[in-house]
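Protein chains: 2
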Amino acid sequence: MKNVLVGQSGGPTAVINSSLAGVYETAKACGAPHVYGMQYGIEGVLEGKLIDLDTVLGDKMDIELLKRTPSSFLGSCRHKLPDPTVDEKPFVQLFELFRQNDIGAVFYIGGNDSMDTISKLSAYGKTVNSEIRFIGVPKTIDNDLMLTDHTPGYGSAAKYIATILKEVICDSSVYDLRSVTVAEIMGRHTGWLAAAASLAAGPDCNGPDLILLPECPFDEEAFLKRVAELEKERHNVIIAVSEGVKNKDGVFLCDLVSTAGQLDAFGHKAILSGTSRYLADLIRVRLGCKTRAIEFSTLQRCASHLASRTDVTEAYQVGGAAVEAAMRGETAKMAAIKRLSDQPYRVETEMVDVTKVANFEKKVPADWITEDGMHVNEKFERYARPLIQAELSPIYINGVPRHIHL
Amino acid sequence: MKNVLVGQSGGPTAVINSSLAGVYETAKACGAPHVYGMQYGIEGVLEGKLIDLDTVLGDKMDIELLKRTPSSFLGSCRHKLPDPTVDEKPFVQLFELFRQNDIGAVFYIGGNDSMDTISKLSAYGKTVNSEIRFIGVPKTIDNDLMLTDHTPGYGSAAKYIATILKEVICDSSVYDLRSVTVAEIMGRHTGWLAAAASLAAGPDCNGPDLILLPECPFDEEAFLKRVAELEKERHNVIIAVSEGVKNKDGVFLCDLVSTAGQLDAFGHKAILSGTSRYLADLIRVRLGCKTRAIEFSTLQRCASHLASRTDVTEAYQVGGAAVEAAMRGETAKMAAIKRLSDQPYRVETEMVDVTKVANFEKKVPADWITEDGMHVNEKFERYARPLIQAELSPIYINGVPRHIHL
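Which chain is which? The protein sequence lines are G and Z, in order. So the first sequence is numbered by full-length UniProt numbering: it starts at 1 and just counts up by one. So the second sequence is numbered by full-length UniProt numbering: it starts at 1 and just counts up by one.
In case anyone wonders, no lab produced these hints; they're calculated from the structure. Be careful, since some hints might not be right.
No copy labels: a pair is met if it fits in one copy or bridges any two.
[What the hints assert, rightly or not] Calculated lysine-lysine pairs in the DSS-like style (CA-CA distance at most 27 Å, straight line): (1) Lys80 x Lys290; (2) Lys232 x Lys49; (3) Lys28 x Lys338; (4) Lys80 x Lys356.
Please model the complete structure; the sequences and the hints are all you need to start from.
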């Protein structure tokens with residue numbers, strides 16, 4: 001029985017540490033003598049930064065705190081390994097380090113780029129007849145990975161977006177005034193997160209009136225016409241917009257803002273995160289409405305206090321499934337989630353070919369988007385609603401959630 | 001026994017509806033035949049918009065939902081009544097309406113301007129020999145009301161700020177990079193909310209390295225010197241800043257941004273909410289650090305999913321105390337919170353003269369701020385920590401908190 005190495009990569013999520021808990025506890029249960037963590041991902045490994053996780057996660061309470069700690073406990077990186085046929089050096093270094101630490105299996109928790117890392121490491125391993133197994137564990141709030149029904153991290157981000165949008169909608173109707181609120185949601189290339197705004201809807205809330213996704217090119221005139229109609233119907237119009245919406249020429253709306261040439265107070269080009277700002281200005285100028293832009297910010301990827309318990313559990317399960325697969329001898333795989341049914345919601349884990357995941361991108365299906373391109377339909381609801389179910393209560397100490405850190 | 005009228009005014013909070021619940025349930029318990037709600041505050045009353053609350057809050061479950069619904073259930077306004085000696089008309093109209101609806105007591109839940117309304121109504125009532133009692137119920141996230149230890153709404157905003165700052169701090173340290181994060185917190189005139197960032201600190205979190213409050217004029221050179229020192233000591237520097245910080249000339253930092261003359265994409269002067277942006281740009285330009293600005297946004301006043309149970313309870317209690325005082329015959333008062341001890345934390349309600357509250361503003365005491373003016377000390381901790389204790393779990397249905405609306 002050899003040792004296990006696990007790392008976290010890419011942007012954080014509210015549940016990436018639950019996957020780490022799943023890898024750690026399953027590896028220990030399977031008898032791995034040591035489970036090492038990569039500090040700051042593969043980049044840290046290249047600098048020799050390994051941690052014996054027994055020294056930091058020895059107690060069951062540590063595991064409970066780990067599940068409730070947002071962001072990447074081990075630290076992360078955005079390092080992309082080179083093509084080994086072009087530059088073998090980092091691979092030689094890494095495999096030497098694996099040998100020194102008697103590593104039998106490597107797990108990398110991350111998104112697209114992380115699956116590329118697993119793909120390259122396993123391909124290189126094959127060429128040097130290594131017996132080390134390389135398995136990817138999916139993670140991304142963006143939900144854009146192929147071959148998995150959804151990605152751990154998405155459900156919690158979706159629950160956060162739906163919950164705070166509900167609260168913002170309460171807030172927006174407080175005065176007897178007409179207004180248009182534009183809420184900007186993460187998602188540079190796909191609209192999964194923006195679509196989650198629709199989950200705010202229920203018997204006590206209309207949810208957003210419009211949702212703009214990167215999957216649909218922005219049509220300014222059609223949009224303004226629709227907003228003008230809505231403005232007549234109701235006091236408060238609520239628009240959810242993905243930061244990645246582009247116009248028909250393929251230009252990000254936020255770039256239309258920054259090309260207007262603003263300078264910051266120091267004469268430098270201003271950094272404006274601007275999709276919601278752009279739309280709020282557009283509506284104000286063209287329709288003369290009172291508008292308000294709000295950005296949902298980085299909390300979308302770190303609000304563990306609002307994590308979906310379904311998501312926490314599945315994040316743990318894919319971590320565990322990855323370890324079991326490695327123990328069975330599988331390599332070059334990613335642990336995926338396969339949906340068995342929507343109602344009742346049931347899933348199982350399965351192993352998929354990591355090379356078919358890396359460097360692809362899953363978009364919101366066209367037939368889940370309304371015909372006018374400005375909302376999602378009941379197919380999205382059926383898909384996403386189960387992912388935000390149930391809660392994992394933070395452990396509050398002295399009024400704030402307790403976390404765990406290296 | 002006469003009827004009761006209650007309204008909500010000014011900006012919303014996470015617990016303003018708990019005060020409404022306290023007024024409603026206590027008034028019913030005291031035998032008020034009808035409890036009427038003002039739709040959109042005193043402005044709505046002037047338009048005859050009254051609602052019999054029995055028709056919407058008849059069930060105990062409605063009360064539980066009301067306590068968990070952010071923003072103002074009845075709607076709000078920012079209407080300031082004129083001086084009755086200058087313009088008597090609205091007073092004549094209001095008192096006629098009170099007479100028609102057989103109103104014996106009026107309660108107004110709000111901040112400074114609302115206490116001004118109570119003050120004027122009671123003064124006018126005296127001149128016309130009215131027996132109607134007018135009582136204010138304090139509410140504001142800003143915590144700037146005189147004669148009350150703190151204001152309902154502040155504890156929940158403080159808990160939200162401390163909690164999400166903890167999460168943002170986790171997020172900010174994910175990569176092996178040096179960075180400075182500037183978090184912008186509400187509070188145009190006082191630093192109570194910005195100071196609450198300090199509550200993020202504990203055994204698992206350093207909290208913010210610096211806190212800038214409107215109480216201390218911003219000294220650019222001293223600030224940059226301190227940031228440069230911190231930058232040497234640690235990877236990630238965290239700065240909490242009140243939106244209302246001004247420079248030595250009394251100019252808001254955010255106005256320094258907008259006077260830089262940016263135009264939006266449509267050629268109009270851009271609306272930039274800019275204190276954190278200004279500081280992030282300043283640090284980037286002057287110290288050459290990677291910086292990040294984040295605004296905590298309107299969620300500070302509407303995140304009922306993270307409300308402090310202490311705050312919820314006290315908000316209810318001041319509502320109830322206001323009704324009891326009116327039943328005893330008091331008028332021109334505000335229900336206040338008096339602290340009996342810090343440890344264990346104990347408070348009681350008391351009635352204070354509303355004219356001594358209206359139009360004053362309570363600042364963070366100078367001796368609660370560190371000598372360099374860039375943090376708060378243990379006196380603030382002792383004051384504020386009890387206010388964020390305990391939670392009121394939302395009622396989650398279908399993955400999101402359920403609310404109640406008119």
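Do the hints match the structure? See the list:
1. Lys80 x Lys290: between (45 Å within a copy, 21 Å between copies)
2. Lys232 x Lys49: Between copies only: 22 Å across chains, 60 Å inside a chain, cut-off 27 Å.
3. Lys28 x Lys338: within (25 Å within a copy, 54 Å between copies)
4. Lys80 x Lys356: within (17 Å within a copy, 64 Å between copies)
The structure fails none of the hints (numbered hints given earlier).
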